[in-house]
Amino acid sequence: MSDYLVIVESPAKAKTIEKYLGKKYKVKASMGHVRDLPKSQMGVDIEHNYEPKYITIRGKGPVLKDLKTAAKKAKKVYLAADPDREGEAIAWHLANSLELDTHSDCRVVFNEITKDAIKESFKHPRPINMDLVDAQQARRVLDRLVGYNISPLLWKKVKKGLSAGRVQSVAVRLIIDRENEIKAFVPEEYWTITGVFNKEEETFQASFYSVNGEKKELKSENDVKEILNLLQGEQFTVSSLTQKEKRRNPAPPFTTSSLQQEAARKLNFRAKKTMMIAQQLYEGIDLGKEGTVGLITYMRTDSTRISDVAKEEASKYILEKFGDKFVKHEERKEKKQTNAQDAHEGIRPTSIYRDPASLKTFLSRDQLRLYKLIWERFAASQMASAILDTMSVNLTNGPVVFRATGSKIKFPGFMKVYVEGSDDQQEESERFLPDIEKGDEISSETIEPKQHFTQPPPRYTEARLVKTLEELGIGRPSTYAPTLDTIQKRGYVALDNKRFVPTELGEIVSDLIVEFFPEIIDVEFTAEMEKDLDEIEEGKVVWVKIIDEFYRSFEKNLIKAESEMEKVEIKDEFAGEDCEVCGSPMVFKMGRYGKFMACSNFPECRNTKAIVKKIGVKCPKCGEGEIIERKSKRKRIFYGCDRYPECDFLSWDKPIERKCPKCDHLLVEKKLKKGTQIQCTNCDYKEKTVE
Numbered sequence: 001m002s003d004y005l006v007i008v009e010s011p012a013k014a015k016t017i018e019k020y021l022g023k024k025y026k027v028k029a030s031m032g033h034v035r036d037l038p039k040s041q042m043g044v045d046i047e048h049n050y051e052p053k054y055i056t057i058r059g060k061g062p063v064l065k066d067l068k069t070a071a072k073k074a075k076k077v078y079l080a081a082d083p084d085r086e087g088e089a090i091a092w093h094l095a096n097s098l099e100l101d102t103h104s105d106c107r108v109v110f111n112e113i114t115k116d117a118i119k120e121s122f123k124h125p126r127p128i129n130m131d132l133v134d135a136q137q138a139r140r141v142l143d144r145l146v147g148y149n150i151s152p153l154l155w156k157k158v159k160k161g162l163s164a165g166r167v168q169s170v171a172v173r174l175i176i177d178r179e180n181e182i183k184a185f186v187p188e189e190y191w192t193i194t195g196v197f198n199k200e201e202e203t204f205q206a207s208f209y210s211v212n213g214e215k216k217e218l219k220s221e222n223d224v225k226e227i228l229n230l231l232q233g234e235q236f237t238v239s240s241l242t243q244k245e246k247r248r249n250p251a252p253p254f255t256t257s258s259l260q261q262e263a264a265r266k267l268n269f270r271a272k273k274t275m276m277i278a279q280q281l282y283e284g285i286d287l288g289k290e291g292t293v294g295l296i297t298y299m300r301t302d303s304t305r306i307s308d309v310a311k312e313e314a315s316k317y318i319l320e321k322f323g324d325k326f327v328k329h330e331e332r333k334e335k336k337q338t339n340a341q342d343a344h345e346g347i348r349p350t351s352i353y354r355d356p357a358s359l360k361t362f363l364s365r366d367q368l369r370l371y372k373l374i375w376e377r378f379a380a381s382q383m384a385s386a387i388l389d390t391m392s393v394n395l396t397n398g399p400v401v402f403r404a405t406g407s408k409i410k411f412p413g414f415m416k417v418y419v420e421g422s423d424d425q426q427e428e429s430e431r432f433l434p435d436i437e438k439g440d441e442i443s444s445e446t447i448e449p450k451q452h453f454t455q456p457p458p459r460y461t462e463a464r465l466v467k468t469l470e471e472l473g474i475g476r477p478s479t480y481a482p483t484l485d486t487i488q489k490r491g492y493v494a495l496d497n498k499r500f501v502p503t504e505l506g507e508i509v510s511d512l513i514v515e516f517f518p519e520i521i522d523v524e525f526t527a528e529m530e531k532d533l534d535e536i537e538e539g540k541v542v543w544v545k546i547i548d549e550f551y552r553s554f555e556k557n558l559i560k561a562e563s564e565m566e567k568v569e570i571k572d573e574f575a576g577e578d579c580e581v582c583g584s585p586m587v588f589k590m591g592r593y594g595k596f597m598a599c600s601n602f603p604e605c606r607n608t609k610a611i612v613k614k615i616g617v618k619c620p621k622c623g624e625g626e627i628i629e630r631k632s633k634r635k636r637i638f639y640g641c642d643r644y645p646e647c648d649f650l651s652w653d654k655p656i657e658r659k660c661p662k663c664d665h666l667l668v669e670k671k672l673k674k675g676t677q678i679q680c681t682n683c684d685y686k687e688k689t690v691e
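For the sequence shown, full-length UniProt numbering begins at 1 and goes up steadily by one.
Please keep in mind that the hints were generated in silico from the structure rather than gathered at the bench.
Please note: incorrect hints may appear among the correct ones.
[To be verified] Calculated lysine-lysine pairs in the DSS-like style (CA-CA distance at most 30 angstroms, straight line):
#, residue 1, residue 2
1, Lys-273, Lys-670
2, Lys-53, Lys-19
3, Lys-68, Lys-273
4, Lys-621, Lys-671
5, Lys-595, Lys-467
6, Lys-199, Lys-498
7, Lys-156, Lys-654
8, Lys-670, Lys-266
9, Lys-53, Lys-670
10, Lys-654, Lys-498
11, Lys-216, Lys-266
12, Lys-53, Lys-119
13, Lys-560, Lys-53
14, Lys-19, Lys-273
15, Lys-328, Lys-216
16, Lys-621, Lys-266
17, Lys-408, Lys-216
18, Lys-654, Lys-157
19, Lys-24, Lys-39
20, Lys-609, Lys-556
21, Lys-60, Lys-39
22, Lys-215, Lys-199
23, Lys-199, Lys-372
24, Lys-15, Lys-589
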């Protein structure tokens, strides 16, 4: 018999922790929550202070029975769920189910699953923090009041299977508002003039900057001609030259939000996938002789704070690996998010000495890629700043001034390890100017004007949407991934080229919520509610008071919506072809996974088929079929012959109608970071990249 029972959420975590605690401890997993609100009813007693009605989750009976048996045999039971609101709530539910005293020192928390951290945490057990539990309970009750009141209304007025939630409704509204901005956008013409200049066989670029000492916007071709007419030959004089030394600081360690954003940019991971892999790295990986070890700290955090022990270890490693010049010798002031709870450290490796190369044989490809990202970001954050030499040169020809700028890395510092990505995919590149002195005469090789048009704001990628939700104070680290997942599963938004577009269904539901429940969709209201939940966690306010204030106003809107909301009929759109089974017209339907084609004679005829998008290119393999756009199981677009399986032609790149002028083979449109390029599938023929 073990003297002590420790209960965690997952078997992987249990296995890792049991190894560190020794024979006197038995570690078991609750497999997440054991109690929750019932699915079949609201489960909140509005008449009696919004009292939640908890029941044992279906299927958790045997788990709970096993835990009760083990608890009776143990001298002491410790609850070691995750160190956040959700974890505290799991511990509280377990304590109630196992009839433990919540005021006793039964709760153990740790930020990392390492031997030292685990042993230290068991020296300082504490009672269950009811403020944390109440904050989680308030969120659960609030979401239940919203979801279980609005959703049935949407089933009645729109269609079955719909749902509405606080954070998901705001996320959908942001996507719709952005789409409306794009539709309303009117492009404006503007021009640039770029010159290629030569200094002793070295070429560099400079762009038009000013005329007659004043900056001038080039809005039309006439403006450009006016400037070009003022140029007096090809000779330019260096009229001014500025050189500066610039320091560049590294990005801080990851928070949940910044990890999801960077994994999307650099690894092409969805938020859900990032969190799933981070959970595996946190709970523990079998490292052979070393056993199972948690490789990163807790991954649900809004803090970039790092422990002194981790900083010291990082300094020692950087000194050994790169030398003293690369060690950060002074603390840098870092901006703290205004609504950050700062409850845990930033996401970092549990030991910087476990570098990615040493773990290659123990991790899957995706685990290694994410671990490498976390390791590099943390290592860079503890390194010296980079030093760049920047240079700005004005080239004068009569009244016209062109300006050239350049920068060169003087000392790489943290950039030796890692450079933060960008949503705009700007590449980190050095571009320095040749040795130039004030008064030098420099000749232009070409002067090229170019027409441009202003672009609408971009659609949201997952990374951009997470960043926006965080900046607006909507949701918390644990809510971003499930929110994005839900709005796609409900069919409110779809991903087009990795960017969110609202569906017709999403717009209908969102418009109804805007009309009848404006506070649910209001960004400021939702952000304020998050602050209220934080105040409950800090013990500043009673959770029932916050819920009651919300529900009084919400109930009035609910009564109004019940009587005034009109039934919305989503008419079927004809697909322009007949059913091959019964001859009735085919129509477009909205399903769980997006639009599909179905027979209009349903339910007599149940014929359905996927929407086929032809691209107007004959199959290069069989010559009979048409190339159509398809989607893989992972929603990635590829191209294949419509005669499949008779013809098995497929391509990840989009084929085009023209043939290669060099070898007469298939040309495809290849997507690159900076645009698209036409390439031959057989020879080295390539065309200029189109941005």
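Structure-based check of all given hints:
no. : hint                : result
1   : Lys-273 <-> Lys-670 : holds (26 angstroms)
2   : Lys-53 <-> Lys-19   : violated (37 angstroms)
3   : Lys-68 <-> Lys-273  : violated (34 angstroms)
4   : Lys-621 <-> Lys-671 : holds (22 angstroms)
5   : Lys-595 <-> Lys-467 : holds (29 angstroms)
6   : Lys-199 <-> Lys-498 : violated (44 angstroms)
7   : Lys-156 <-> Lys-654 : violated (43 angstroms)
8   : Lys-670 <-> Lys-266 : holds (19 angstroms)
9   : Lys-53 <-> Lys-670  : violated (56 angstroms)
10  : Lys-654 <-> Lys-498 : holds (16 angstroms)
11  : Lys-216 <-> Lys-266 : violated (38 angstroms)
12  : Lys-53 <-> Lys-119  : violated (37 angstroms)
13  : Lys-560 <-> Lys-53  : holds (27 angstroms)
14  : Lys-19 <-> Lys-273  : holds (28 angstroms)
15  : Lys-328 <-> Lys-216 : violated (44 angstroms)
16  : Lys-621 <-> Lys-266 : violated (35 angstroms)
17  : Lys-408 <-> Lys-216 : holds (29 angstroms)
18  : Lys-654 <-> Lys-157 : violated (41 angstroms)
19  : Lys-24 <-> Lys-39   : violated (39 angstroms)
20  : Lys-609 <-> Lys-556 : violated (44 angstroms)
21  : Lys-60 <-> Lys-39   : holds (15 angstroms)
22  : Lys-215 <-> Lys-199 : holds (26 angstroms)
23  : Lys-199 <-> Lys-372 : violated (43 angstroms)
24  : Lys-15 <-> Lys-589  : violated (48 angstroms)
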